[in-house]
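K.L.:
Sequence:
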Amino acid sequence: MDSRQNDFGSSVYSNRNLAPLSPYLNFDPSYLQSSQPEFIFPEGASRHRGRFELAFSTIGGMCMIGGGIGGVTGLVKGMKDTAAAGHTGKLRRTQLINYVMKQGAGSANTLGVVAVMYSAFGVGLSWLRDAEDEINTLAAATATGLLYKSTSGLKSCMKGGAGGLALALAYCAFTSREKLTNWTSN
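Going by our numbering, the sequence shown opens with residue 1, and the numbers climb by one from there.
Any given hint could turn out to be false.
[Said to hold, decoys possible] Taking lysine to any residue and the SDA-like style, the derived pairs with C-alpha atoms no more than 25 Å apart in a straight line are:
| no. | residue 1 | residue 2 |
| --- | --- | --- |
| 1 | Lys102 | Leu75 |
| 2 | Lys149 | Gly86 |
| 3 | Lys102 | Gly86 |
| 4 | Lys77 | Ser57 |
Derived by calculation from the structure, the hints in this document are not laboratory data.
Let the sequences and hints guide you as you build the complete structure.
P.N.:
Okay, structure coming up:
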């Protein structure tokens with residue numbers, strides 16, 4: 001006998017390649033074509049998501065990263081402060097939770113706001129220029145740094161813009177390695 005039988009009398013493995021059958025739908029998954037796209041795109045639409053669609057995952061991801069980083073720094077700071085204050089037991093535990101939640105929420109909010117500003121500038125630039133390239137990324141990151149630090153004075157504002165530009169340059173260098181190697185080889 002080529003295939004085993006399960007409790008319900010149907011074969012668990014197909015005869016041709018011994019691939020397991022789905023126990024719920026009773027079909028061989030090898031019949032599904034994996035070369036087809038996973039998403040359905042409207043006719044005439046591009047096959048990749050645009051800057052607006054990516055903005056939502058960018059904002060959410062930055063909030064999650066900010067919450068994680070803030071939670072860890074809050075825990076470290078809370079451990080130091082509660083040990084120095086001599087807190088023990090339930091009081092120390094409550095204080096640690098307060099440190100983690102406050103620092104985590106603050107960092108998540110900060111990175112979320114930066115991501116919203118960056119996404120808004122990026123979507124606006126791609127709409128105005130009708131192009132999606134590295135120039136939009138560099139300009140959006142620089143404008144985000146300038147705007148984020150704009151209330152701290154001109155010198156701090158310029159530092160924020162330079163920081164945004166530096167991060168965007170590093171990101172573009174990492175994601176566009178092929179373009180850079182082709183450009184430098186010519």
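K.L.:
Next step is simple, just say for each hint if it's right about the structure.
P.N.:
Going through the hints against the structure:
Taken as a hint, the Lys102 and Leu75 pair is honoured in the structure, with Cα atoms around 10 Å apart against an allowance of 25 Å. For the given pair, Lys149 sits about 38 Å from Gly86 by alpha-carbon distance, which is inconsistent with the 25 Å threshold. For the hint linking Lys102 to Gly86, the alpha-carbon distance of about 21 Å falls within 25 Å, and the restraint holds. For the suggested pair Lys77 and Ser57, the alpha carbons sit about 30 Å apart, so the restraint of at most 25 Å is broken.
The structure is inconsistent with the numbered hints 2, 4, although it conforms to all the rest.
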